[in-house]
Amino acid sequence: MSEATSSSQWLQQDFFTLFGLHRIYALNMDDLDSRYRGIQARVHPDRHAHLSDAERRVAMQWATHVNEAYQTLRSPSHRALYLLQLAGRPMALEDNTAMSAEFLMIQMEWREAVDEARHAHDIDGLDSLHRRLVREIKGRQAELGHALDAPDYDQAEESLRRLMFEEKLLQEIDRAIEAVEA
Amino acid sequence: MALLQITEPGESTAPHQHRLAIGIDLGTTNSLVATVRSGMAGVLNDQQGRTLLPSVVRYHPEGGVTVGFEAQSVQSRDPKNTIVSAKRFMGRSRRDIAHIETMPYDFVDGEGMVRLRTVQGDKSPVEVSAEILRTLCRRAEDSLGGELTGAVITVPAYFDDAQRQATKDAARLAGLHVLRLLNEPTAAAIAYGLDNGAEGIYAVYDLGGGTFDISVLRLSKGVFEVMSTGGDSALGGDDFDQRVFCWIIEQARLAPLSPYDARLLLTRAREAKEYLTYHGEAPITVKLGSGEYVDLALTTEIFSCITQTLVQKTMAPVRRALRDAGLRPDAVKGVVMVGGATRMPQIQCAVAEFFGREPLTNLDPDRVVALGAAIQANLLAGNRAADDDWLLLDVIPLSLGLETMGGLVEKVISRNSTIPVARAQEFTTFKDGQTAMAIHVVQGERELVSSCRSLARFELRGIPPMVAGAARIRVAFQVDADGLLSVSASEQTTGVEARIEVKPSYGLSDDEIAAMLKDGYNHAGDDAQHRALKEVQVEAQRLIEAVSSALGADAHLLDAMERARIDTGIDALRVTAISDDRRAIEAAIDALSRDTAEFAARRMDQSVRQALSGRNITEISS
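Which chain is which? The protein sequence lines are A and B, in order.
Count along the first sequence starting at 1, add 107, and that's the number in this note's numbering.
Count along the second sequence starting at 1, add 145, and that's the number in this note's numbering.
I should point out that these hints are in silico values taken from the structure, not numbers from a laboratory.
Each residue gets a CB set at the ideal place from its N, CA and C atoms; glycine is no exception.
Some hints here could point you the wrong way.
With a straight-line cut-off of 27 Å between C-alpha atoms, the simulated DSS-like cross-links for lysine-lysine are [claimed, not checked]: (1) 556/B x 275/A; (2) 313/B x 576/B; (3) 478/B x 245/A; (4) 225/B x 313/B; (5) 556/B x 245/A; (6) 366/B x 478/B.
Not close to chain B: a few residues of chain A, all C-beta gaps over 10 Å, as computed [unchecked claim]: (7) 144; (8) 146; (9) 166; (10) 195; (11) 213; (12) 219; (13) 231; (14) 239; (15) 245; (16) 262; (17) 281.
Kindly generate the complete structure, drawing on both the sequences and the hints.
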């Protein structure tokens, strides 16, 4: 039965097409949100709970797929990764060789600052690091967007690598805050 | 908003009858049931006009079970056989339960979760909960005068997979068809949001008898989108009672207590706490079975002092939930307070201080969850009215992952992912010729497996021998709309597929449940066979109805041959359904389901296409 339900051409299409969007980085997020909700309002299992097993299965499959598509497009780094993949340039995530020494140096300084604040149980310090990093990340996303939509894929890869470094660092700050608060 | 004004895909062309559906708030301290009648959600009272059903179950020495006030009134007299707060034990082993030494029960280790030793044998918390559900179900059937289509049962948002599964098992045991497990704060948000036409970011602070939840939601044009959730599934009003209890023992210098005295003091502690909500000082006078007297006064100051750490303990999940949602406290437009424990002034103050605004108290914290559940149940049962175009998007509270080398957790699905959600991860073999792989599924945020909750262990066997690293084992996680997980694993490179499907189960196997169900029927003098047949007949009727209305709306999606096959299937099922051959009816249901799978897929495609039509392709911003 799952063979039959997966015959949907829609489920085979890329995530941009699924939402009726152009394949670009610079999406209007409000527009994406409203398209997502419009589709989810039709496919969500809650809308089909009283129907046949077959319909409920399709609903579950669709809702799951739409959630994945939305999460991918909603996240700047995931959207960028996905665009690179669609452009035939899938990125090997483990490969850090492209990072410049200067960038890695800055990263180390960040990490030291986070460690220091964590050991001092300095919530305000961690909070301000968090805010500063969020600003950095916003700048990086803009840089990434320009590169992707130019398109300049070499530059995009470079920016994306840096962005992912920074996002990981942000998670570490959040974890440190959680640890200090606990 | 045009995009939500849609006709329901399965909307019957013929006027269909109102299906009876209920919402149940299965609480730690009290439970209640609600339903939607003539478009209005309301709670259902018992014959004495009482709304709350104390979540207390007593097993009598002479056989028989009482639930509710009657059981509660004798809990001090018969503490071992009178189970209160069973919800705290759902899906829990002995070492998971806080303050277990002060509880008057004889706990027994059982498969998956604890059992309680009673005069009627060892009872699992699932069985105890099933008694409460059964009582509420009877109450609903009596007052609605008909058979129930199903129920939405609420669970704390922070319940893990084991606790959710246990709740669903309890419902099955009670003979209830579960339309959905719904998170308590989400249920409250639905009831509050629909009632007040709320738009914007809202937080729901839900402190119940034994659990604490915080959820942050975005309410926008009829969509309830949970952005993040957090909590503590072992923190609630009971813990405040516990603090008072310990304070009494300390102040009165009491010797170790008998189960009877412990129960009595705990009850007095709870009463004192409740009294303090409206008074500055609560007198505590008790004569214990041991002959000792207690005569104390608990002031607001002392109470605040001894419970301050508990209040603070709720704020850490609140901060985390906001962080997960990427929000500052001032972004929250309103804080909905749920659960009896939020009546405590200390809680209200702490919440007001944190969010910088007074919490919303224009709703009954005891009822709002059941009302929300009833509204959802009504919708899921198919009683959708024209203005019912709202949608709920909920999340999972805890990350799901797999054990990897060195006892580390590899996260597969992270917390706060919108459900339903699926994700797969690939692994490989690390030895030449390896034909099996152990898969250990865990839930939690920590990096070490030992700090997370173990959900399931299974082995994928029959992997064709290959050199190390050549096999590609794909482990797929699927979380459904109830927040329940299933896991499958398969080897990808060869045609030979080793595959296993796991639904983690906790303590109660399907066989056990079947046996208990049979017991229950024998008790009631009912016939299990008959009941099963009736269920299948109802299912057949439901399917015929659903397919017929689908044909009514979308027959153009089928060619003549496909149409004929479905028509034949309907006719066959209609004929079989009036027989008493359960197997034959099941077979006919399966056949019709199979034959309509493609039709269902096309209908969904069409529906999605309609959702996007009328929209320009893309609006670009810089």
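Evaluated hints:
1. 556/B x 275/A: It holds: about 14 Å lies between the C-alpha atoms, which stays within 27 Å.
2. 313/B x 576/B: With Cα atoms ~40 Å apart, residue 313/B and residue 576/B exceed 27 Å; violated.
3. 478/B x 245/A: holds, 26 Å
4. 225/B x 313/B: holds, 26 Å
5. 556/B x 245/A: Holds. Residue 556/B to residue 245/A sits at ~26 Å (cutoff 27 Å).
6. 366/B x 478/B: Status holds; Cα separation ~16 Å.
7. 144: Non-interface label fails for residue 144/A: nearest chain B Cβ at 5 Å, not farther than 10 Å.
8. 146: Label violated. Min Cβ-Cβ 5 Å, cutoff 10 Å.
9. 166: violated, 7 Å
10. 195: Nearest chain B Cβ is 21 Å from residue 195/A, so the label holds.
11. 213: holds, 24 Å
12. 219: holds, 21 Å
13. 231: holds, 13 Å
14. 239: holds, 16 Å
15. 245: holds, 12 Å
16. 262: holds, 18 Å
17. 281: Violated: least Cβ distance 6 Å, not greater than 10 Å.
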